[in-house]
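Chemist: Okay, here's what each chain looks like letter by letter:
Number of protein chains: 2
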Amino acid sequence: MATTIEAEARSREPLTKERILRAAVALADEDGVDSLSMRRIAQELGVVPMALYKHVASKDEMLDGMVDVVVGVIDAPLEDADWRTTIRERVLSARRALLRHPWASRLIESRTAPTPTVIGYMDSMIGILLRGGFSIDLTHHAMHAMGSRLLGFSQELFDDTPDDPPEIQAIARQQMAEAYPNISEMVAAIRHDDETVVGLGCDDQFEFEFALDLMLDGLERLREREGGAE
Amino acid sequence: MATTIEAEARSREPLTKERILRAAVALADEDGVDSLSMRRIAQELGVVPMALYKHVASKDEMLDGMVDVVVGVIDAPLEDADWRTTIRERVLSARRALLRHPWASRLIESRTAPTPTVIGYMDSMIGILLRGGFSIDLTHHAMHAMGSRLLGFSQELFDDTPDDPPEIQAIARQQMAEAYPNISEMVAAIRHDDETVVGLGCDDQFEFEFALDLMLDGLERLREREGGAE
DNA sequence: ACCTGAACACCGTTCAAGT
DNA sequence: ACCTGAACACCGTTCAAGT
Chain R
59 MATTIEAEAR SREPLTKERI LRAAVALADE DGVDSLSMRR IAQELGVVPM ALYKHVASKD
119 EMLDGMVDVV VGVIDAPLED ADWRTTIRER VLSARRALLR HPWASRLIES RTAPTPTVIG
179 YMDSMIGILL RGGFSIDLTH HAMHAMGSRL LGFSQELFDD TPDDPPEIQA IARQQMAEAY
239 PNISEMVAAI RHDDETVVGL GCDDQFEFEF ALDLMLDGLE RLREREGGAE
Chain Z
59 MATTIEAEAR SREPLTKERI LRAAVALADE DGVDSLSMRR IAQELGVVPM ALYKHVASKD
119 EMLDGMVDVV VGVIDAPLED ADWRTTIRER VLSARRALLR HPWASRLIES RTAPTPTVIG
179 YMDSMIGILL RGGFSIDLTH HAMHAMGSRL LGFSQELFDD TPDDPPEIQA IARQQMAEAY
239 PNISEMVAAI RHDDETVVGL GCDDQFEFEF ALDLMLDGLE RLREREGGAE
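If you read the protein sequences in the order shown, they are chains R and Z. The first sequence lines up with residues 59 to 288 when you count with my numbering. The second sequence lines up with residues 59 to 288 when you count with my numbering.
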């Protein structure tokens, strides 16, 4: 019975958790995390579905592994900078890691328990705040306030990239103007700033950094006040 | 053929989208949103699965309907208060609505497109900021910065309520102290404040309001600066 | 002892057959 | 014309039968 060259090449390399994760990440990059199934990954690897279960206990464990792959490439914290710069640069590094995989933030949100890698990242961030002069209590509040922003994403409620044709978008804008006057006014103002825009026209990176700095400014103010009161 | 009394009582009331949504919300409250299937809802209503599709086009439309049920009970904005109080009270009202349904925030996050009800809510919030003296640009940034906090939730990365028995928790704490020294220190400090605590011991409502106020304070400062510069 | 095909207990949704 | 049972094309995972 002739096996294909590809299947032979595939089976030469032994199946490992790492190979499974690499295939899963590639598949999610291509088709989205929703169309990720154990059966499809197995097929992609030229392997029977049950073979995966030798290396991952369940689909959940595999999804956690995918999160770790993404979080694992975040830069180590700066060594000789103040807390604000250290946190800021690391958050932006986390953001770059996440942006490489459009499904990543959604996957992290959907997991009910954080992985050891994510907990370790958070532990390191707490250390930066404590060494930066935050009290334990303020550090605690800061971690809650920052939330997923520490991992480089914020929960966007509006999807920015509708793929409707222009004429449909024009009709939609007309109807929106009546039903949602304030949103329409805002969107019109944004578009006015940049005519080449698609979708709602928000600069996600700018908005992320704006919110991040707003948060960091607020925390710095509380830290200074705390130091003064002690 | 004898139908049960319950089935008869059920079938007397005609099937409507509202009845389906009520059943779906009740089922999600009880068993979580993950175990929500069209087939189970149909069963609960004493109806054949396909009967649901006369009233909802798809499962996605039904999930959107569930979001609308929750968002629909958020209080209208105050009439005669300043922007900060108006936003703050409404966000806290949204939070009360969400807390009644543990699955709601996760469901809202997971939807890719917001429902008209959610868009309408956001439109109204934008209006409050604009009338409160925010420029269009600052309003836009503020909406992004607030994100899902406007709907009363923040993305918690740590689940606060582990249901392990105390002895397991003690072992876990021991191991955590070694692997995650900063988290352990923080958790110990929080526990010290309140001995009666379960889980990590975070006061979610306090943390939410802390972050909300941090955000609102920052925005108020930017608004004042903007007014001064014009 | 290891591997894996078939099977189990589900999904959301289509569609044709029955009334 | 309406309603619905069976079927389709999937799932994640169990388990027993085969090597």
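Read the hints as simulated data drawn from the structure, not as lab findings. Do not rely on the hints blindly, as some may be mistaken.
With the C-beta cut set under 8 Å, the calculated list includes, among others, these residues of chain Z facing chain R [stated by the list, open to error]:
1. Val83
2. Ala84
3. Leu85
4. Thr173
5. His202
6. Asn240
7. Ala247
Some chain Z residues flagged as far from chain R (calculated, every beta-carbon gap over 10 Å) [said to hold, decoys possible]:
8. Arg77
9. Leu94
10. His113
11. Met120
12. Ser151
13. Ile177
C-beta atoms are modelled at their ideal positions from N, C-alpha and C, and glycine is treated no differently.
Chemist: Against each hint, give a clear statement of whether it holds in the structure.
Modeler: Do the hints match the structure? See the list:
no.: 1; hint: Val83; result: 20 Å, violated
no.: 2; hint: Ala84; result: 22 Å, violated
no.: 3; hint: Leu85; result: 19 Å, violated
no.: 4; hint: Thr173; result: 11 Å, violated
no.: 5; hint: His202; result: 4 Å, holds
no.: 6; hint: Asn240; result: 4 Å, holds
no.: 7; hint: Ala247; result: 4 Å, holds
no.: 8; hint: Arg77; result: 27 Å, holds
no.: 9; hint: Leu94; result: 15 Å, holds
no.: 10; hint: His113; result: 24 Å, holds
no.: 11; hint: Met120; result: 17 Å, holds
no.: 12; hint: Ser151; result: 17 Å, holds
no.: 13; hint: Ile177; result: 6 Å, violated
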